[in-house]
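Colleague: In case you want the letters, here they are:
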Amino acid sequence: MERAVLIREDGTRVDGRRPDELRPFRMEVGVLENADGSAYIEMGKTKIYAAVYGPKEAHPRHMAQPHRAILQCRYHMATFSVSERKAPGMTRREHELSKVIREALESVLFLEEYPRSMIEVFVEVIQADAGTRTAGLTAASLALADAGIPMADLVAGVAVGKVAGRLVLDLSEEEDKNCEADLPVGMAPSINSIVLLQLNGRLTKDEFSEAMRMARKGIEVLYDHQKKALQRRFAAYGEVAE
Amino acid sequence: MTVLVNDKDFVLPGQPLTDEKEKAGRFTYVHGGVVRSAVVGMVRTKGQKTEVIPARGPYKPRENDRVIGIVVDIKPSYYELDLGWGITGILRARRAKKPGKESQVTVGDVIFTSIAFAGVKGVMLKGGKDAHRITRGFIVTISPTRVPRLIVRNRELQETIERESHCKLYIGLNGYIAIVGPSTRNEFAAASAIKLVETEPTLDGLKEKVMGLLRRALWEEMVEE
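Here the protein sequences line up with chains A and B, keeping their order.
In this note's numbering, each number is its position in the first sequence, counted from 1, plus 1.
In this note's numbering, each number is its position in the second sequence, counted from 1, plus 72.
Simulated from the structure, these hints should not be mistaken for lab results.
Remember, predicted model here, so these are calculated numbers, not experimental data.
There could be a bad hint or two in this list.
[To be verified] Covered stretches of chain B, going by a simulated chain A footprint (3 or more residues, C-beta under 8 Å):
#1 82–88
#2 126–138
#3 199–213
#4 229–241
#5 254–263
Beta carbons: idealized from backbone N, C-alpha and C, even for Gly.
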């Protein structure tokens, strides 16, 4: 079977992007009225909502921790988010990504500020086109900031992949399916901390260093837009506080 | 010594505020010798401390805060009060409950009191003269970050609402506000005014808008009568 050409002769990718270029993206904060905090993100064709509830009473109560809040995270893909209908229940992959996103967020949140309580994070993938875990993490971090949960820094994430022997930033679905390696990275840029790092496939040491450099560059762009989205959301706040 | 932001600057989580770590106040933390903001909010210098006032967020109990709690459980020597946001306050009973005797306080009672202690051991509430049981009226819930809007400038908005609606407001910093008035109509009118303050805190001439809303609501009542 003939393999798709993912890198053209001029070095650009199948969708016309440069190897170190992100897909077009959009972020919005405070999009859901009923949640304590919420955010929406589009990365290419990927569309994700994140919502935060809490801190609230921990349920079941035996799970409550006397010294800190517990964080619960649910990453879920809508039935209609993929081209073939997905069963509505939680799959093994969704359980794994819920755990990965929760652990990434736990490393920046000051959960000890709210002992005996619970914070819930819901990441709902409306349309999936690769990079859902990193986009979900980016949106969840915005939703937590919107909810006013104390945190050390915002978190942004992006994946770097190896496609046709070249490293490329922010894989699309087609690239994701045919890549030789996939490296999702989540960072808290201001405090220079890596909160999520996974690798599928193989990279040499040099490739890994280069991939991390590309990821950092992409994350810094996303981080700037996260800050702008929050500034838009709270544009009128200065007047209130005075 | 470097101060990286000014008073009333809008800041985001992770943003550096100052490199004098002894200045770290509320909603800040120290990382790498630099004080940074932990929330989205506005910088305020209070005494020697640099703190951040959150733009949104849950209630964080502090000593001497006036709060409203709802009794959720009665133990032999204390009551458990729900303060919202998953916070349970402990109010010691003046006298231990005697077996077989009815307690003076019942589940669902609303208590207006102050916080005696808030820390790792939990939240202890003040009893005695500081605690006041509210037996009438009803409670509205607003965002705790909007409560200061009601009590700022010598409680200007609170007094306006009380004067125009003839209701008494018990304002808990935890976002619970008890409204006690001569009639349900008055109480509902006061609740609408409070909700207006919560949803439109930046409105120009908010005090006049609140007065207008209450006068319209209560004037209609007079006309109907």
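Colleague: For each hint, tell me whether it holds in the structure or not.
Modeller: A quick look at each hint next to the structure:
Counting residues of the region 82–88 of chain B whose beta carbon lies closer than 8 Å to any beta carbon of chain A gives 6, which reaches the threshold of three, so the coverage claim holds. Counting residues of the region 126–138 of chain B whose CB falls under 8 Å from any CB of chain A gives 6; the rule of at least 3 is met. Counting residues of the region 199–213 of chain B whose C-beta lies closer than 8 Å to any C-beta of chain A gives 0; at least three are required, and the coverage claim is violated. Here's how the region 229–241 of chain B fares: 0 of its residues keep a CB closer than 8 Å to some CB of chain A, so the rule of at least three is not met and the hint is violated.
Remark: the region 254–263 of chain B is not confirmed as covered by chain A, as 0 of its residues place a Cβ nearer than 8 Å to a Cβ of that chain, below the required three.
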